[in-house]
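> Listed below, chain by chain, are the residues.
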Amino acid sequence: MDIDKIIEITIAEFNDSQSEYEISNKKDFLLIGNKSSLDSLANVNFLTRLEKNIFKNKNKEIDLINKIFLIKKENIYLDDLTNFLKENL
Amino acid sequence: MEIKKISLLDYQEILALTKKNDLDILNEKEWKSLWLDNPYYNDVKGEWTIGWKAVSENKIVGVTLNIPFIFLFNGQKYLAAVCNNYVVDKEHRNISLNLRYHFLNQQKVDLCITNSANNASEKIMEAFKARKIEQYDYQNRLIYLINKKKVILNSIKNFNFEFRKIPIFLQSFFNKKNKEPKKKFSFEIINNFDDDFKNLDSKLSKSGKIFSSKDQNWLSWKYSKYIKTQNLITLKIYKEKTFLGFAVLIKNIEKKYNFKRLSLTELTLFDEEPLALRSIINHCLEIGKNINFDLVDVVGFNEKKRKELENIGFIKKKSKNFNFLMKNNNKNLDKILYNDIHISDFSLTDGDGIFYL
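Chains A and B, in that order, are what the protein sequence lines are. Per our numbering, residue -2 is the first one in the first sequence, and the count goes up by one each step. Per our numbering, residue 2 is the first one in the second sequence, and the count goes up by one each step.
Chain B on its own, in the form it takes in the complex (with noise of 0.2 angstroms):
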């Protein structure tokens, strides 16, 4: 048994691994795209180790794969690494803590970062001295149910439904009505990242948050599966003709229930201020409303955005595990991770995550 870098002519038996083990992988356009796409790694010209993988008696027994983001705090750039893929061989699942080693110590890397472990993930990680984010109310999903009807009838339907979550459902109906402010605000709705986007990181820099690169070749490599099959819808908002900032929701099909889901994986203000915030969480309702759709879901955020989506009327929905989780080794974020629940305001798209919806 041999760990080794993983190469991209790797793909076609990762992927036969990874549907031997019942798990999702990208088509290989869009799995070569992490890396060939990715500003960072064109920057350093390929100078990045893409994964690795566990090869026994010539064969790919086990699988992580290593995507770089740039994450950013009062104007500064730092290096993460986002695990993904990460699938090992039942008879072979020892070696899974090898491969984790090799993607949790990386050399010039700020931050090991997943946000899509399941529990068994989440434990391991944890050993390696990962730590669970530390953000206001991350392990509960917000839902927002739009066609309440088709939700619970769909439930029943499945006779899946189950009986504990009877209070969400009676509490959606009796949402808070959106108090939708004086119209001081307009709306553009593109399906792309335009020149607007470019170096929006500048603009951010004063949020006191850290977040990972909103600038418009970031942004549009990490969303280009969306954009291509025309499953991203970027809600920008004015105050006149000021940009004052965007939303991003993908459309997508949350499985087991059959319901056309609107996933809304950024929600960006250079200023937060509550009326804008408000305004532009109903106008991502309103859009699903006009094009059918079942409801709304949001993981993540911080405390101020999650407050106004309660207000307005997302109910909670507690997640199986608690799967962001960070291994930083910079001391220079300590602080900033760890000492403050306000300062981080991550969601999906600060992980890899937003790559399977």
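Pulled out of the complex, with its shape left as it was, chain A reads as follows (with noise of 0.2 angstroms):
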């Protein structure tokens, strides 16, 4: 399975798991950043699933929440989590 697929799946079950936040599966999508319409505990719950279904697709172990940051960028939108996902995996 494809990492935009594996992405795809993680944002439904993030979605469906709980009514407060939602992610658009969308390139401009601000995950982490000042306007970003989620909180810590949100994008916590959802990079932990997402480094869930990589092991579970792909059998590869990522820490992502640590390793997000090193895209060192004041703002993440998922066009850049899905690149850097597709750089180290």
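Each hint should be verified, as a subset may be incorrect.
[Stated by the list, open to error] Within a straight-line C-alpha distance of at most 25 angstroms, the following computed SDA-like cross-link-like pairs (lysine to any residue) qualify:
#1 130(B) / 25(A)
#2 64(A) / 6(B)
#3 70(A) / 2(B)
#4 124(B) / 75(A)
#5 32(A) / 308(B)
#6 69(A) / 5(B)
#7 6(B) / 67(A)
#8 64(A) / 332(B)
#9 69(A) / 57(B)
#10 32(A) / 61(B)
#11 336(B) / 106(B)
#12 64(A) / 123(B)
#13 49(A) / 124(B)
#14 70(A) / 156(B)
#15 318(B) / 156(B)
#16 49(A) / 339(B)
#17 124(B) / 30(A)
#18 109(B) / 75(A)
#19 5(B) / 49(A)
#20 130(B) / 46(A)
#21 55(A) / 127(B)
#22 69(A) / 90(B)
#23 70(A) / 332(B)
#24 32(A) / 90(B)
#25 69(A) / 60(B)
Note that these hints are calculated values from the structure, not bench results. Only a predicted model underlies this, so the values are computations on that prediction, with no experimental measurement involved.
Given two chains presented individually in distinct reference frames, assemble the corresponding complex, making use of the accompanying hints.
Printed below as a string of structure tokens:
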């Protein structure tokens, strides 16, 4: 399963798991940054699920929550996360 | 939005941010003392990041402080970073992950610790691969009710009497009698840490436990606020004039019910002989009775100490969440920290919880 599909499935799981926050599967969706609609717990929820789905589908462990800040951008969009995963997995 | 290093000059802005979010903060002198009087900070001549701040439109909107502690195991020293004063403005809560990232990914630090995590912090720390400490029964506080009548009456008066706690109160009325051993030990009460505390770490090096430094300079720094306000009681125990160990009690008020509380934050014996342990704990309770305090409370300590406390009559009270988490950056410590619940003897003294009694 490719990264785009894993992310799509994880977004659906995240959205179904609660009703307070919604992630759109769009490149310019802001995950981490001052104006993001997600709070830190919502981000943790999504990224933890993504780690598990990556392991399940690619049999690779990634410490995503620590690694995502290596992107070193003030605002991290879904597109940034996708590209990061494609380059590092 | 930028993440920058904090300076000591940021205190007033951090004070405003903390108060705005209804949290506690030390006064300016005590706050600066976290580093200026810290033995490690002085050793490295200030080459230490005291914390990180999130700045938006020239205003601090989030903060995490970073305090150095030294831990020891088998005579080996380990550098720990303790998280403190973690606060983020509501409208900027998304940036808290960035602050946590900076704290938890420091170079040259063996351990990253918090022992005052709330529910949200607990989840976030675990997401960053910090782990709850492996220690016998840490989730349960231990409480000894000295003034049982006042405790129950105050609880009812505040209309907050939780009926599920009735068994706890009933249990306290049937506290096992303290079995005071024959008088083998003598005690000395002081309100600081004297010369007997010099090189205490080397005396504890064969204890087989991991602990934050008990040397005079470290204890004097850690408890300086309570020494100044005369809320510190150090109880030393001797056998035939040989110093065997000590306990520390901090006088404070339990805010919810307005109880006068003694928090037992140190309980260290070079050889954890049961009779000595029992005797020093009993003496702590005597102190509490003599100065008319309402209860003695304990967070943490190893199984041996906790069982002795329970035998004497302390009762368990479950904490709302597991608040002691640690991220280990030193693989040599994995076996020490996570394989044996008997090696750690952590308590309030081993993190930032000690500063807010």
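> State for each hint whether it applies.
Results for each hint:
1. Taken as a hint, the residue 130(B) and residue 25(A) pair is broken in the structure, with Cα atoms around 28 angstroms apart against an allowance of 25 angstroms.
2. For the given pair, residue 64(A) sits about 21 angstroms from residue 6(B) by alpha-carbon distance, which is consistent with the 25 angstroms threshold.
3. With a CA separation close to 10 angstroms, the supplied pair residue 70(A) and residue 2(B) stays within the 25 angstroms bound.
4. In summary, the hint linking residue 124(B) to residue 75(A) is supported, as the alpha carbons are separated by about 22 angstroms, within the 25 angstroms threshold.
5. Distance hint between residue 32(A) and residue 308(B) is unfulfilled; the C-alpha atoms sit about 51 angstroms from each other, more than 25 angstroms.
6. Under the criterion of a C-alpha separation no larger than 25 angstroms, the hint pairing residue 69(A) with residue 5(B) is consistent with the structure, at around 13 angstroms.
7. Using a Cα cut-off of 25 angstroms, the hinted pair residue 6(B) and residue 67(A) holds, with the two alpha carbons roughly 18 angstroms apart.
8. Restraint check for residue 64(A) and residue 332(B): the C-alpha separation of about 19 angstroms stays at or below 25 angstroms, so the hint holds.
9. Straight-line distance between C-alpha atoms of residue 69(A) and residue 57(B) comes to about 17 angstroms, which keeps the hinted pair within the 25 angstroms bound.
10. This hinted pair checks out: residue 32(A) and residue 61(B) have alpha carbons roughly 16 angstroms apart, not beyond 25 angstroms.
11. Taking the CA atoms of residue 336(B) and residue 106(B), the gap is near 21 angstroms; set against the 25 angstroms cutoff, the hint holds.
12. With a C-alpha separation of about 19 angstroms, the suggested pairing of residue 64(A) with residue 123(B) holds against the 25 angstroms cut-off.
13. For the hint pairing residue 49(A) with residue 124(B), the CA-to-CA distance comes to about 16 angstroms; that is within 25 angstroms, so the pair holds.
14. For the hint linking residue 70(A) to residue 156(B), the alpha-carbon distance of about 51 angstroms lies beyond 25 angstroms, and the restraint is violated.
15. Restraint check for residue 318(B) and residue 156(B): the C-alpha separation of about 15 angstroms stays at or below 25 angstroms, so the hint holds.
16. Only pairs whose Cα atoms come within 25 angstroms are accepted, and residue 49(A) paired with residue 339(B) is accepted, the gap being roughly 23 angstroms.
17. Note on residue 124(B) and residue 30(A): the hinted pairing holds, with a Cα-Cα distance of about 20 angstroms set against a maximum of 25 angstroms.
18. Note on residue 109(B) and residue 75(A): the hinted pairing is violated, with a Cα-Cα distance of about 32 angstroms set against a maximum of 25 angstroms.
19. A C-alpha spacing of about 32 angstroms is found between residue 5(B) and residue 49(A), which places the hinted pair above 25 angstroms, so the restraint is violated.
20. As the CA atoms of residue 130(B) and residue 46(A) are separated by approximately 14 angstroms, the hinted pair is consistent with the 25 angstroms bound.
21. Of the supplied pair hints, the one linking residue 55(A) and residue 127(B) holds, its CA atoms being roughly 23 angstroms apart against a limit of 25 angstroms.
22. Between residue 69(A) and residue 90(B) the CA atoms are separated by roughly 22 angstroms; this keeps the pair inside 25 angstroms, and the hint holds.
23. Taken as a hint, the residue 70(A) and residue 332(B) pair is broken in the structure, with Cα atoms around 30 angstroms apart against an allowance of 25 angstroms.
24. A distance of roughly 13 angstroms separates the Cα atoms of residue 32(A) and residue 90(B); the hinted pair therefore holds under the 25 angstroms criterion.
25. Of the supplied pair hints, the one linking residue 69(A) and residue 60(B) holds, its CA atoms being roughly 21 angstroms apart against a limit of 25 angstroms.
The structure fails hints 1, 5, 14, 18, 19, 23 (numbered hints given earlier, in ascending order).
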